[in-house]
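Peer 1: Fit chain D to the supplied structure of chain X, relying on the hints for placement.
Residue numbers (my numbering), protein chains in the order written: chain X, 24 to 345; chain D, 24 to 345.
Mixed in with the good hints there might be a few duds.
One copy or two, either will do: identical chains are not told apart, so a pair holds if it fits within one copy or between any two.
[Unchecked claim] Calculated pairs, BS3-like style, for lysine-lysine (alpha carbon to alpha carbon, straight line, at most 25 Å):
| id | residue 1 | residue 2 |
| --- | --- | --- |
| 1 | K87 | K263 |
| 2 | K26 | K228 |
| 3 | K321 | K119 |
| 4 | K249 | K263 |
| 5 | K211 | K323 |
| 6 | K27 | K249 |
| 7 | K211 | K321 |
| 8 | K119 | K319 |
| 9 | K319 | K211 |
Honestly, the hints are just simulated from the structure, not real lab data.
There are 2 protein chains.
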Amino acid sequence: MEKKYVIGVDVGGQTAKCGVVDAEGNVVAQEVLVSNETSEAAVFIAELAETLKKLIAKAGVEGKIAGIGVGAPNANYYTGNIEFAPNLTWTLAGSKIIPFAKMLSEAMGGLKVTLTNDANAAALGEMKYGVAKLMKIKDFIMITLGTGVGSGIVINGQLLYGHDGFAGELGHTIVVRENGRQCGCGRKGCLEAYCSAIGVARTAKEWLEESEEPSLLRSKSDITSKDVYDAAKDGDALAKRVFDYTGRLLGTQLADFIAFSAPEAIILFGGLARAKEFLTEPIEKAMNDNVLPLWKNKVKLLYSTLPASDAAILGASALGWE
Amino acid sequence: MEKKYVIGVDVGGQTAKCGVVDAEGNVVAQEVLVSNETSEAAVFIAELAETLKKLIAKAGVEGKIAGIGVGAPNANYYTGNIEFAPNLTWTLAGSKIIPFAKMLSEAMGGLKVTLTNDANAAALGEMKYGVAKLMKIKDFIMITLGTGVGSGIVINGQLLYGHDGFAGELGHTIVVRENGRQCGCGRKGCLEAYCSAIGVARTAKEWLEESEEPSLLRSKSDITSKDVYDAAKDGDALAKRVFDYTGRLLGTQLADFIAFSAPEAIILFGGLARAKEFLTEPIEKAMNDNVLPLWKNKVKLLYSTLPASDAAILGASALGWE
Chain X
24 MEKKYVIGVD VGGQTAKCGV VDAEGNVVAQ EVLVSNETSE AAVFIAELAE
74 TLKKLIAKAG VEGKIAGIGV GAPNANYYTG NIEFAPNLTW TLAGSKIIPF
124 AKMLSEAMGG LKVTLTNDAN AAALGEMKYG VAKLMKIKDF IMITLGTGVG
174 SGIVINGQLL YGHDGFAGEL GHTIVVRENG RQCGCGRKGC LEAYCSAIGV
224 ARTAKEWLEE SEEPSLLRSK SDITSKDVYD AAKDGDALAK RVFDYTGRLL
274 GTQLADFIAF SAPEAIILFG GLARAKEFLT EPIEKAMNDN VLPLWKNKVK
324 LLYSTLPASD AAILGASALG WE
Chain D
24 MEKKYVIGVD VGGQTAKCGV VDAEGNVVAQ EVLVSNETSE AAVFIAELAE
74 TLKKLIAKAG VEGKIAGIGV GAPNANYYTG NIEFAPNLTW TLAGSKIIPF
124 AKMLSEAMGG LKVTLTNDAN AAALGEMKYG VAKLMKIKDF IMITLGTGVG
174 SGIVINGQLL YGHDGFAGEL GHTIVVRENG RQCGCGRKGC LEAYCSAIGV
224 ARTAKEWLEE SEEPSLLRSK SDITSKDVYD AAKDGDALAK RVFDYTGRLL
274 GTQLADFIAF SAPEAIILFG GLARAKEFLT EPIEKAMNDN VLPLWKNKVK
324 LLYSTLPASD AAILGASALG WE
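Pulled out of the complex, with its shape left as it was, chain X reads as follows (with noise of 0.2 Å):
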């Protein structure tokens, strides 16, 4: 029998969101799962198993199922590990390498899994399902903006993975040299420290202490990425030049990444990515002042156009396929 359909699951630090896909990129079925109730990577991963059986039947697409894919932070694609992902909370006997995709497949039957991390997985839904199948775009860079930043690299239309399975950290390329932030990672200046949704909110958190300025973000007690973006939506000065600040260093890195690859797009993609109206111009301003006379204006800075509650599913899924 043809198998016509693939499982996405897309492991993130609270939930995990699982999805039957066909071949059209439809998520037929879904379902999200706690992932940070347990200790035990095994515990998990039986109560994934348990999980993706029910979605499998509900969907009556029992046999047809080509393979399975999943998008983690950390993943491994040569290895199939999650290695010291640091938002995820299980353990195999006290080791923080968790041999993931073997552990599902031997609880689903011996059905195929394939790893990758969830920016990766992300490029992989663009390629199969999104703006760059629509816009036939084989050389581009993800960038996704979320809690962190993650990227994907694809060249010739295939994901780089490099000599150890970890290429693309692009998140943690370094943006400000001198008296850069701490990163979590450990070291300072790295993008993911200031153009994460994390980042925004310690940009707008500093400013605030830094001067007097009248900012509707006063009256907020903690704020969040999208408190900045509200505040900006209603007009606040400080809340639009933090999202100037915010593009203009994402552009600058770009241009630099843009020198790498010689990518066709940019396409980027994330909650903080929703905050274009602020994002677009600064970005485009500074990639186009900063890259090589060559590229100026010729590098597309594009969107995701998957659905957000869908594309971690169907990014994932897109390797159930390989």
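Peer 2: Below, chain D without anything else, positioned relative to chain X:
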């Protein structure tokens, strides 16, 4: 008849080095041609074709040439053009876009001509004949430290060309963001402005002007990177610090390059790379201090093993086999 030889041509601003190369990477005949005596591309290409024909006759390999590979600044693999090369004097009907591959192929009776930029050619040479071949390294970044800073990025044994053929302009990523030095490309703070032979000489000159510190370099009228190297060998403290500074900047930037393509090794090549006794330690330290923890002390720093006199010809010739 089996085609057992290729021709490699390395086009530079002053000379073009040409050689006939066998399958084992021996340069069996070679010739050097002046490249800046004419402003007409057609004239230079006619002279080059004459030289190559004589070389083929001299080596006794008529009819045995599989192809011609050309390494040149601003050369594009996809189009076969040399476009807007600032260091090359020729134009074609007033244009700085020269369809070099097509013109040379016609002048050579239809022999296949393949073009790439000089740093990519160096990477190909390393892969086919050099240290990458020896150590079976398929993911590496070649950095050429010459008059400028070039790069060739190899991913899974393939050169990265990107969407437009111009990928790998790592010499023009920004290493000094605040008050960066003017670069020949028109922007400021580029790696090339600091870590090239010219950059080393500039650093030395700036530091000599800024202080009264005694230095062997004070006796020189127009300091070159070779002078700085000689002074460092003679124990000159300022000259040694120039290399230390150069190496640190390069190592810092290499850390970001690693986050992009996760290479197994960085391979250094070019005139300035001969100063490795002064460069290796600061490069490695800065690279490992600045890289994400997962790559700390894992990425090899290697130097080209190709004989300097043949390397450019060998690299270009590797394209001739394609």
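Peer 1: All hints are to be evaluated individually against the structure, with a verdict given for each.
Peer 2: Evaluation of the provided hints:
no.	hint	in the structure
1	K87 - K263	neither (50 Å within a copy, 67 Å between copies)
2	K26 - K228	neither (51 Å within a copy, 68 Å between copies)
3	K321 - K119	between (43 Å within a copy, 20 Å between copies)
4	K249 - K263	within (12 Å within a copy, 51 Å between copies)
5	K211 - K323	between (29 Å within a copy, 23 Å between copies)
6	K27 - K249	neither (39 Å within a copy, 65 Å between copies)
7	K211 - K321	between (31 Å within a copy, 20 Å between copies)
8	K119 - K319	between (44 Å within a copy, 18 Å between copies)
9	K319 - K211	between (29 Å within a copy, 16 Å between copies)
Hint compliance for this structure: hints 1, 2, 6 are not met, and every other hint is.
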